[in-house]
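A.B. asks: Each protein sequence line maps, in turn, to chains A and B. So that you can map any letter, position 13 of the first sequence is 13 in our numbering, and since no number is skipped, the others follow by simple counting. With the second sequence counted from 1, adding 1000 to any position gets you our numbering.
Everything labelled a hint here was simulated from the structure, so no lab data went into it. Warning: the hint list may mix true and false statements.
Quick list of simulated restraints, FRET-style, between CB atoms [as the list claims (entries may be wrong)]:
#: 1; chain 1: A; residue 1: LEU464; chain 2: B; residue 2: GLY1068; range: 23 to 29 Å
#: 2; chain 1: A; residue 1: GLN8; chain 2: B; residue 2: THR1169; range: 15 to 21 Å
#: 3; chain 1: B; residue 1: GLN1020; chain 2: A; residue 2: LEU54; range: 37 to 43 Å
#: 4; chain 1: A; residue 1: ILE425; chain 2: B; residue 2: SER1062; range: 17 to 23 Å
#: 5; chain 1: A; residue 1: PHE227; chain 2: B; residue 2: GLY1069; range: 32 to 38 Å
#: 6; chain 1: B; residue 1: GLY1150; chain 2: A; residue 2: LEU53; range: 39 to 45 Å
#: 7; chain 1: B; residue 1: ARG1019; chain 2: A; residue 2: ALA442; range: 35 to 41 Å
#: 8; chain 1: B; residue 1: LYS1173; chain 2: A; residue 2: ALA34; range: 46 to 52 Å
#: 9; chain 1: A; residue 1: ALA369; chain 2: B; residue 2: ARG1015; range: 41 to 47 Å
#: 10; chain 1: B; residue 1: GLY1069; chain 2: A; residue 2: LEU309; range: 26 to 32 Å
#: 11; chain 1: A; residue 1: LEU421; chain 2: B; residue 2: GLY1069; range: 45 to 51 Å
From chain B, some residues computed to sit far from chain A (all C-beta separations above 10 Å) [stated by the list, open to error]:
#: 12; residue: GLU1066
#: 13; residue: GLY1154
#: 14; residue: THR1169
#: 15; residue: TRP1170
Don't be surprised by glycine CBs; every beta carbon is placed ideally from N, CA and C.
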Amino acid sequence: MHDPKFEQEVQRKMHDLEFVPSETVWENIRRDMAPAERRRWIAAIWWWLVPGLLALTAAGVSYWRSGPGSIRTVRPGAAVRGSDAAAGKRIGKKNSRGGNVAWNQGGTGNAFEEGVQGASGNGLEGRLQGRRSFAERRQNGIAAQQGRPGKAATPDANLRQRGIEQTTAVPFLTGVRPSAPVMAYTPGRIVGFGSRSEVGAPFLYARPGNTALSGIPRPERSWRFGFSAGAGSSTLEGVQGSRLVYGTAGYSYYSGSANALVPASNLSITAGSPKRFLADVKPDLSYWAGIFGEKRISGRWSVDIGLNLHYYSARLETNEHINYYAPSSASLFQPTAVSFAANTSSGYANLVVDTYLNRYYFLEVPVAAQWRINPRAHLPLFWRGGAVFSYLMSSDAVYYDTRSGNYYKSNGVARPGQASLQTGIMVALPIKRLDVRAGAEAQYAVTGMLRTGSSGGHLAYGGLRLAVTR
Amino acid sequence: MDHRQLVNDCLHGDRVAQRQLYDEFAGAMLGICYRYTKSMADAEDVLQEGFIMVYRNLHQFSFAGELGGWIRRIMVNTAINYLKKNSRYQSDLLFQEGGLHPVSDDDPEVTLSTKELAELIRQLPPGYQTIFNLHAIEGYSHVEIGKILGIKEGTSRSQYARARSLLITWINKVSPANQNESSYARPKV
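Next comes chain A alone, as it looks inside the complex (with noise of 0.2 Å):
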C-alpha cells in the first residue's frame, strides 16, 4: 500500500492548475445554445395573438349582451340591507398542456454516474469518433455521453420546423414543446385580464423518448404556476355623494366631521330640513388572494396570466348627525364661553357620522407582463405591467342618483365585466427553495363602475402583493 503522501502533494498541485481556454471554445458553444431567436420571437407573438383576440372577443360581445337592471330607492338614514347578491359564475375554463415531468428515471442527477453505465457497455454508445470537426459533432450529437438505453428515433414536429436535425434516438431532455397559455373566459362576460407574476425554479418539461437534439437544446421555459395575494385599499374614484346634516335652528353646531364649530347660519339648517352637503367616497380596505401561471418568453421578460377572488370596499358618507350644540350667542373668539352639550333630540345617534361600505366582489383574470429590471443583481427587481378582466360576482353597494339626491341600491347597475390596468414593482426574496416575490402594485379600472352614465366612478386598487412558486 502507497503512503497517501505523495497522492495527496499530486492533488494539492493539480488543484492549481488552470489555463485560459481559447474564444473559439466559447464561440462554439454559443453557437449550439443559438437556435433561431427570431424564429421564436415569432412563435411567441403568434402565441399570444389568437388568445388576446379571443379574450378581446369575448369582452366585446360581454359589454352588448349586458341589459339593464331594476332600481331601488333607499331613503337616506335608513337601514341598508343587502342586496340580492348576483350569482357568481365560474369563468372559463382552463386550457393548459404541459408536458410531461423529467424523465431521469433512476437517475441520480449525477452525469458521471451515467456515464459509468455506458462505460460499461449497457448504454448506448455515442458516435463521437475521432476527431470530427464541429459542424459534424452537431450532425451526430453526443447521445451517448449519457451511456442510456436509446429508443427508437422519435421525429419531433415542432423540432423538425425549426429546423434542428435529429440524430441519435436518446432518453433524455430533448425536445422543447411549450405547453398552450392559460386563458380564462366567461362566455357573454367578461373577463379578467390579469397579470400574476412569480418567481420560482422553473420545471422543466420532457417528453421521454424524444429524439435527442443536435447541440445543446434550448432550455425548457415552461409554465410554473403558483398562489399570491395581496392586500391593500380601495375606492371609487370620481364619485362624489351627499350627505345631509340634521340639526337645530338657532344653535351653533359642533361638526365631528368638519372638527369645527359651525354656526348653524352657515349651514342653513332649520328643524326638521336637514341641509345637504357633498361628500367624498372614502378608501377602505381590499384583499385578494389566487392562482397563477408563468411562463419566461426571454432573458429578462415572462408573462403570467392568473385568477383571482378579489373583494374591494369604498365607504361613503350618507348622513351627519351633529351631536353637540352650543349657543348661538357663543363666540369662537371666546372659546371658554362656548359650552356644548348633547343634543339628546330623538333620532340622533352617538355617530358623527353615517357612512356605508360599498362591498364588491371580483373574479379577476390579471395578463401582464414582467421585466427584470436588474439582470446581474443578486436581489433581482422586476417591474410588472398589464391588465386585470374581472368579473362582478356579487356586490353590496349603494349609489347616488344626483337628480333626486338619494342613495339606492340596485342589482343590475353596476357594470358586471371591468377592465383595469395594473403596474407595480416587486422583488425576488432570497428563500430557500421557494422562489418568493414581493412587492407593491397599483390598479385602475379604465371602465366605469355603472353600466351608463358616470356617478358610479373607477374602482381605483393599491397595495402590497406576495406570489410564491417552488
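With chain A fixed as given, assemble chain B onto it according to the hints.
C.D. replies: For chain B alone, coordinates are given in the frame of chain A:
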C-alpha cells in the same frame, strides 16, 4: 457568487449568466481536460463538449453539492469518453496486463511546479495517465475505476502502481516538460 441564482438564470436562457458560468469554471476545467489528453487542442475539444453537456443537464443539478464539483464530474466523464472514442487514444487504452515498466515504492517529495508536474503526467501512456488521474487526483477507488473503464479492479491497481512508479522515476530525474504538445512516444509492446 450566488450559484443558485446563476444556475436559474442559465436555465432561463440568460446569455450573460451562461457566459458567467463558463468564465468561472472554464479555466480549472481546461486544466482537468489537459491532464487527460495529449494536446491543448484535444483538451479544448473536451472542454467544449463538456460544457455542452453541462448546459444540457444543468436542470438536473439540485444544489446537493458544489456546482464546481458537479461540473468537474461531467468534465472527467467527457474526457474519458473522448479518449475512448478518439482513434488517437483508443489503442493505448487497452489496459493490458503486462510488465511495461518497473514498479517503485519510492515516495519522493514533489518539488516540481504545477505545470511541470502536469506535463509529466501527460507524458504517461494514455492508459496509465487516465488511471493515475482518476485515482491519484480525482480520488476514485479502483473498484470505481474498473466500472468506469470497463476493466478489472486488479488491472486498475497494477496499472496505477506502474503509472505511479513511472511518474516517480521521472520526478526523480526531473524530466523536462513540454510546454504544449506532448512528446509522448508510444512504448513498443
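A.B. asks: All hints, please: hold or fail.
C.D. replies: Hint by hint, here is what the structure shows:
1. A:LEU464 x B:GLY1068: 23 to 29 Å: violated, 39 Å
2. A:GLN8 x B:THR1169: 15 to 21 Å: This hint holds: roughly 20 Å between Cβ atoms.
3. B:GLN1020 x A:LEU54: 37 to 43 Å: holds, 40 Å
4. A:ILE425 x B:SER1062: 17 to 23 Å: The hinted range 17 to 23 Å is violated for ILE425 of chain A and SER1062 of chain B, with Cβ atoms some 31 Å apart.
5. A:PHE227 x B:GLY1069: 32 to 38 Å: holds, 34 Å
6. B:GLY1150 x A:LEU53: 39 to 45 Å: violated, 59 Å
7. B:ARG1019 x A:ALA442: 35 to 41 Å: Holds - the Cβ-Cβ distance for ARG1019 of chain B and ALA442 of chain A, about 37 Å, lies within 35 to 41 Å.
8. B:LYS1173 x A:ALA34: 46 to 52 Å: holds, 49 Å
9. A:ALA369 x B:ARG1015: 41 to 47 Å: violated, 20 Å
10. B:GLY1069 x A:LEU309: 26 to 32 Å: violated, 47 Å
11. A:LEU421 x B:GLY1069: 45 to 51 Å: About 49 Å separates the Cβ atoms of LEU421 of chain A and GLY1069 of chain B, which means 45 to 51 Å holds.
12. GLU1066: GLU1066 of chain B clear of chain A: closest Cβ-Cβ about 13 Å, beyond 10 Å.
13. GLY1154: Nearest chain A Cβ is 15 Å from GLY1154 of chain B, so the label holds.
14. THR1169: With a cut-off of 10 Å, THR1169 of chain B remains clear of chain A, as the shortest Cβ separation is near 13 Å.
15. TRP1170: holds, 13 Å
Hint violations for this structure: numbers 1, 4, 6, 9, 10, all remaining hints satisfied.
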